[in-house]
Structure formats: C-alpha cells, structure tokens
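S.K.: Single-letter residue listing:
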Amino acid sequence: MSDPRGQAELNTFPRLLMQHAQQRPTRPAMREKEYGIWQTYSWAEVAQNVRAIACGLAELGFKRGDRLGIIGDNRPRLYWSVAACQCLGGIPVMMYQDAVAEEMAYVLQDAEIKFAVVEDQEQVDKMLEIREQCPLLEHVIYDDSRGMRHYADTFLLGLDELQSMGTAHDKSQPDFLDGEISKGGPDDVSVMLYTSGTTGKPKGVCQTHDAFIQSAKGGCQFDKLTENEDILSYLPMAWVGDHLFSYAQAMVSGFTINCPESGETVMTDLREIGPTYYFAPPRVFENLLTTVLIRMEDASWLKRKIFAFAMDVAKRCGGEILDGKPVSSSDRFQYWLSNLLILGPLKNVLGFSRIRVAYTAGAAIGPDLFRFYRSIGINLKQLYGQTETCAYVCLQPDGQIKLDSVGKPAPGVEVKLAENGEILVKGPMLLKAYYKRPDATAESINEDGYFLTGDAGFFDEDGHLKIIDRAKDVGKLNSGSIFAPNYIENKLKFFQHVKEAVAFGNERDYVTAFINIDLEAVGNYVERRGLAYSGYTDLAAQPMVLQLIKECVEEINAQLAADPMMADSQIKRFLILHKELDADDGELTRTRKVRRKFVSERYAVLIDALYSGKSEQHIETDVKYEDGRQGKVSADLKIEEAKTFAPQAAKTAA
Amino acid sequence: MAREIGDVILKMEGISLSFGGVKALTNISFDVREHEIRSIIGPNGAGKSSMLNVINGVYHPQEGQVTFRGEVRRDMEPHKAAKQGIARTFQNIALFKGMSVIDNIMTGRNLKMKCNVFHHALHWGKARAEEIEHRKKVEEVIDFLEIQNIRKTPVGRLPYGLQKRVELGRALAAEPSMMLLDEPMAGMNVEEKQDMCRFILDVNDQFGTTIVLIEHDMGVVMDISDRVVVLDYGKKIGDGEPDEVKNNPDVIAAYLGTSH
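Which chain is which? The protein sequence lines are X and F, in order.
Each step along the first sequence adds one to the number in the UniProt record's numbering, with nothing skipped, and position 568 is 568.
Each step along the second sequence adds one to the number in the UniProt record's numbering, with nothing skipped, and position 216 is 216.
These are calculated hints, taken from the structure and not from any lab test.
Nothing here was measured: the structure is a model prediction, and the numbers come from that model.
Note that the Cβ used here is the ideal one computed from N, Cα and C, for glycine as well.
Incorrect hints may have been included.
What the hints assert, rightly or not - FRET-style restraints, in silico, Cβ to Cβ:
id, chain 1, residue 1, chain 2, residue 2, range
1, X, Thr589, F, Met99, 43 to 49 Å
2, F, Thr153, X, Arg629, 33 to 39 Å
3, F, Thr153, X, Ser634, 42 to 48 Å
4, X, Asp509, F, Glu146, 54 to 60 Å
5, X, Asn524, F, Glu77, 52 to 58 Å
6, F, Ile93, X, Gln173, 57 to 63 Å
7, X, Ala532, F, Lys112, 55 to 61 Å
8, F, Glu146, X, Gln221, 39 to 45 Å
9, X, Gly631, F, Asp223, 29 to 35 Å
Said to hold, decoys possible - Some but not every residue of chain X turned toward chain F, in silico, with C-beta under 8 Å:
id, residue
10, Tyr35
11, Glu261
12, Thr265
Unchecked claim - Distance condition first, Cα-Cα at most 20 Å in a straight line; then the derived SDA-like pairs of lysine to any residue:
id, chain 1, residue 1, chain 2, residue 2
13, F, Lys136, X, Thr40
14, X, Lys33, F, Phe144
15, X, Lys33, F, Lys136
Generate the whole structure from the sequences, applying the supplied hints.
M.R.: See below:
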C-alpha cells in the first residue's frame, strides 16, 4: 500500500478501465447499432460515461457495498452501469431480462437491491408491478425513454438525466470518483451472479475483482487475445459467460465489444461485424448449420455437387489442417480449392470469416456438428466451467481438440477427482461465497478449499477432462460398472431423429431407454418414404420409425462398446414414448431438462415392462393442453430389443 | 391519456356517391377531430372503403362537401390530400413486393424530397445530404415499428402481418397529421392484432396523429376508438362514443339481423 492513490496495481475493474482510457483513448471500446448504423464509443468516451453514471448514482445516494440491479439486453449503457457501480464500490447484480416480474422480485429481495438500472418500458413496468413486494427498492433508472412520457412516478429516472446530474457532480468535485476508485481492493466483491436454480431457489454467487481478473487474464493468455479482437455480445448479461467474455476479458485486454441492434438481428449483425472471438451455445451452431443445409437443398444441381465435394474434402482433412497436423499435398490443394469456392464464401455468409477462436459450452455438442465447424476452418473449441468458477475451469488447447472432452485445466486452475468421480476444482477463480448463504457456501467448498462442481468425470490418457454426468445422477449397474444416464442420453440426442431420451439402469442388470422422436425430422423422414401419419402418437408407433430408432440405438451401442468404462451401458431394450415429454406436464424443467424422478414414477409401468421381457405394454396418460384443458392419451407401446456388442479389446478400466 | 382531442379538422357533409345506378353512399355527414381515433364500421358492402376513398380524393362524390382544415371543397384530389398531410394504408396491401422494406418506407418520403431528379440520379450535392436525412427518418420509423431485423428483406417474402406493419411504416414516413387505415388488422392472429393496436395507439399518442380507421374486429374498435361511425347500405345508422354505439338498436340490428 505504498501508492497512496492505489492506482499502481491494476487489480480492480475501474482501475483497468481508467488505464485503457489513458493508454488507448481513441481505440474502439464498444459499438452499438443504432438506426441501422454502427456507432462507436472509444475507451475515453466509455470512461467519461462511466464516470458520469457513477457520479449520478452517488448523487442519488448510492453507497459502497450497495447492490445495483441491472436488467436488459446487451446495451452499452448497461455495461457502463456495471462499471459505474464497481467504481463506487457497489455490487452489480444482473438479472435475466426475459424473467417474469415474480422471479425478479425474488432476486431484488434476496440481494436487498435499492437501485436498479433497466433497459426500457417493459422492464420498468415489471419493476412497478413488484414494487410492493420490494419495499427496499428506491430508484429505478431507465435507459430507453421510449413510451416513458406518461410515467410521472418520482421513483423513476431517465439515465440521460442521471448522467447529466453526474457530469455536473464530476465537474464540481473531480476528486470524488478517483477517491472512490482508490478505495476499492482486489478482494472486494465485484459482481453477484445468480445461479439458474435448477436445484432449489437461485443463489447469488459473489465473485471478487481478483477472481474475474485472474480468469480473464488466464483465458486471454491461453488464446493470445489482444486489443484487436472483436466480440459480439448477445448472450444475457446475467450469464457468467457473458460477464467473462464481454466484460472481464474486454477490460483486461482492451478489445472491442459489439452490441447487436436487437435479439432478432443477431445473425445480420454477426455478419456485419465479423467477430474474431466468438461464443455460442451448441444450439446456435446447430441452427446455423441447419439453415445452410436447407438452403443448399434448394440450390441448383451444379452448386449442390460443388458443395458436396467441398464438404467431403473438408471432412477428410479440414480438421487436421486446422490442428497443424501433416496432410498430403494433394489434399492440401483440394482443401485450398474448396476454401476458394465454398468454404470461404460460406464462412463469410455466417459471419465467421475473421474468427480466430470460437467457444461453445453449456450443453454437450454433437460430434458431427463440432467436426463440421472445425473442418471448414473455424477454430471451435469447448470449455468447461460454472458460475461459481467464473466459467473458467477447463479449456481445449489449440491443436489438441478431442470431440468428447472439455480440454485441460486452464492456467492457474487445479482439478482433481473425488472418489465417486466428482470433479473438484481450486484456483483464484473460485467464488467468495453465496450471498447470505453460509450453509450453501460451506456445503460446496470442502475443508481443503476445493469447490465441489457436482459433475462427474474422468481424465483420459492425455490429461483431458471428460464430463459424463451430474455426480448425483451417476449410479451403478448390478454388474458394478458405472452408469451415467446423461452421457447415454446425450449420445442419443445427437441424432436428429431423437428429441429427448431417458435412460434407466441404476441398480438394474442392464440399461433401457425411453425415447422421444423429433416430430419434424421423423415426420419428414416418413413423408419422403410415402407414409402418412396423423400425429405424434401415431407416428411414434409406426414400424418404420421403430426400425429407424433401433438403428440409432445400435449405433450408440457400438460406440459404447468401444469405451472400456461404458461398455456395460449398452441399451438392451427401448421404447418410443407415445407423447412428447412436456414442461406443462411436469416432465421437463422450464429449461427443458428431464425430471428423472418424476418421469420414472409417472411411467413406472413402462419401466417394469422394459425389465420384465414383455414385448408390448398398454399405457394411459393424463396430459395438459396449452390452453389448460386436461385430456388423456393412451397407446399400446411396442418394446424393442437392440443388438449389443461385445466390449472391444481386453482393456479394462483401471 | 395525455393527448388532448382538439377541434374538428375534417368535416364530411351530405356526401352521396354512386357508381351508375349503385348508391354507395347516401347523404352521409360526420366529422373528425384533431388527435382522435375515429372508426368507421359496418357490415360488408356498407361503404366504408368508399368513404375513405372520398376523404383522400380517390372517389369524387356527386353531392356534398368536404372541409379539411378550414378549406371547403366538393372533392379532394389524392395528391393534395397527401400534401396536406393525409396518408393511408390499403385493405389489400399495396406495397412494392420486389423492393426491400427500407425502400418501400422510403417511398413514403417521396413528397418531402426537394432536389431534382438529376441530383438524385447522380447522388450528388444536396441530394446526398437530403437522402441521409430521409434515411434517418426511415430508420426512426423502423425503430418505432420494431422491424430492424427485416429492414433489407424484400417485402414479398414477408408474412402478411409484417407486410401490414411495413405499410403502416410507409404511411408514417410521410409524417402525416392524419392517417386513414383500411382494415389494418384484417387476416391477423390475436397476437399480431395486439401488436398492431399497440402501434396505432403509440402513433396516436406520440405523434398526435389523427387516425381514421376501418375495422371489422368489434373488440378492437370498441377498445381503441374515441368515436365510432356506423354505416349500413351506404347510410349512416349510428355515430358516437363506443358505448353509445354498442347500445344503439339500429347498429345491433344491422350486425345481428332483426326478427320479423
């Protein structure tokens, strides 16, 4: 603490920001598309605006340690509010903008929020709706003033007015904000991110400046990110990944954040910006590929031929070329030609021409999908992490990509496995605590300082981490070998014809599965073969469909047989459910995850039938329609046997 | 609501219109006040669209007079109506199907363009500055109607509900003081209707635009209108605030039929 102003060390976000404003004042820090044109804000302008917002908040009475609620799409001024709050030693709490008012009320109460910065009228209306339940809430500040003309409530204030208040304040007391910034330290909580709450009520995860700065530094160093990167910020600000990529890493490296015009324009904006660094969950990559393939089907004969040729070449050697592995010169030439004719233009259409590093996480990505993007020359990689670890645990190193692993522990992170296979992690990126939940904090961090991720996995021979399932879902077959239902289900779901799957096998002799077909994909498949059907239940019972799914299951069995740890998990018997699993019936969570226990109770008859050797079972189920009416669906379900394979080689799991 | 309904700006007096022997409108009088939402309703063939066409001068009535902002005349001319700030949309969408959304809305700015055709053709001098200004206005309309994602899509490829919205956008781009909307919600689903209602109310509220509206959906009409005029077989059978009109026995008879 020899430096009286505390500016020497860049260990908090406000200090990083002020340093960028000095070192690279004219470089673009943020872009936003407004009225169809990209508007740029330089680092100096961003710092100026952040100062104004911070001083404005201080004028309203915002104190050190206060929480600032932030709700809205990825707008520059909302990111500035995050930084402004941190300048004052406050804790920003971002909320999912599409959450209903009730869910927001919970977070506002739990985090005892007095000030909130929201995007627009829609969010203001939610705040007004829950105002009664949140007596602590004193000020709501809105970014977009559209439609706000008739709101006379003194509880509301426009961000423009707040900024002009702040600018005046900053002029009259220029030392005030610098003083506040110098009071901050690396161990202060920099942000609170709420967990999604799939298991119980959402918890506020408190992360320090140091945790996010260390994670961001590690990531930037790992992928050699510089101030020249461009990133499109379109994922919810409340999600840890966005905070790491669009906020922490940008603050550390000084690169440019680009905010799309609106949720619907993301694809166009992506193409216009051409980011060099990109993140998307697997479903985004999947949708993009589907769009491409559908449009190719409508293309002329010649174009389809050239496309098929290019895809063949890319499949054969694209991944190897990207990884810098040896490839024959004839293949190199063909790849060069494909790139010229198809792959280059294709990447351009997708907005991927300039991508150096792309990441995906959040769900398992299908191997074909993953391979496709790598083969066309996009350096797509996987990472693993959670809110509690700043989304920073494992990263796939360039050139060492394995389809089914999440890579090696990131710089500065220590990963070890518990006896039951649970992944334990330790490092600077760990959470400080769950807000006001010492019990939960104590439960999730053990006495040696390791965080219990709740995921089960193992290291392969090269030291890459493979995630198989949630630790609590992992069971054992009667033979004693490990049973990871999610691992099997994900493999099934990678087939376009399978929408959902539920695997059973814990404390049983063998593995069985329920399967939900994808109505659109399977419907298309049978229609092209001239078969008519009347609806989901009818389609699911067609022998042609059963045969199709059986082939999928057998392919999975062949894959499982090749993996010594999973060879016993081959699916012996399966059935296709007569109805789609639905969140309205309580079978799925709202985020579309299967509620395993509920499903196994509801369909106990079917599970018994799977294990009793019957070949058919009658079932009648209550269903809720979207308009709230109740009904019944009944069917006689066929139970199919699938071929299983002998475990390959004599290798046994050590 | 903050907007204040002002004085009468449009007055139709004793309008009669016939096509040969067919009497489309018989001696109809009503008025429209500044900033109000005025609906014209009636069963099919009642003469609603004819009435709108008389207002902006597409049809010329044989009898009666139109007073718009103090100017009395037998009939309007469409280009004069447009110059005086009356814009309209059509029952059967009348957009340029092959042109993009931006270009379609830009046509709404046509009357405001001051430079001559040569400047525009060469995109030179004042024309350039002018186009930038018009484009800005168009972008504001796009932002207002939340159609950023389709700004460059050819209109012919858009679903019906969005085409209707683009048409509203083109009318808005002319910055009219009065808008004539011919069945803006026909053929829409509930959600699209709700959106359209919201936009109409917002236009009326934010820009103070006077709106004359033809609509079949009674729920919508009764909800958003300040006053309603009811036509049946070319005659006016009711006029007044929504509640008044709803309880008018003639209107009920026209819509539900009478027992003989």
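S.K.: Determine for every hint whether it applies to the structure shown.
M.R.: Now the hints, each set against the structure:
{"no.": "1", "hint": "X:Thr589 with F:Met99: 43 to 49 Å", "verdict": "46 Å, holds"}
{"no.": "2", "hint": "F:Thr153 with X:Arg629: 33 to 39 Å", "verdict": "38 Å, holds"}
{"no.": "3", "hint": "F:Thr153 with X:Ser634: 42 to 48 Å", "verdict": "46 Å, holds"}
{"no.": "4", "hint": "X:Asp509 with F:Glu146: 54 to 60 Å", "verdict": "58 Å, holds"}
{"no.": "5", "hint": "X:Asn524 with F:Glu77: 52 to 58 Å", "verdict": "56 Å, holds"}
{"no.": "6", "hint": "F:Ile93 with X:Gln173: 57 to 63 Å", "verdict": "59 Å, holds"}
{"no.": "7", "hint": "X:Ala532 with F:Lys112: 55 to 61 Å", "verdict": "57 Å, holds"}
{"no.": "8", "hint": "F:Glu146 with X:Gln221: 39 to 45 Å", "verdict": "41 Å, holds"}
{"no.": "9", "hint": "X:Gly631 with F:Asp223: 29 to 35 Å", "verdict": "33 Å, holds"}
{"no.": "10", "hint": "Tyr35", "verdict": "4 Å, holds"}
{"no.": "11", "hint": "Glu261", "verdict": "5 Å, holds"}
{"no.": "12", "hint": "Thr265", "verdict": "5 Å, holds"}
{"no.": "13", "hint": "F:Lys136 with X:Thr40", "verdict": "17 Å, holds"}
{"no.": "14", "hint": "X:Lys33 with F:Phe144", "verdict": "15 Å, holds"}
{"no.": "15", "hint": "X:Lys33 with F:Lys136", "verdict": "13 Å, holds"}
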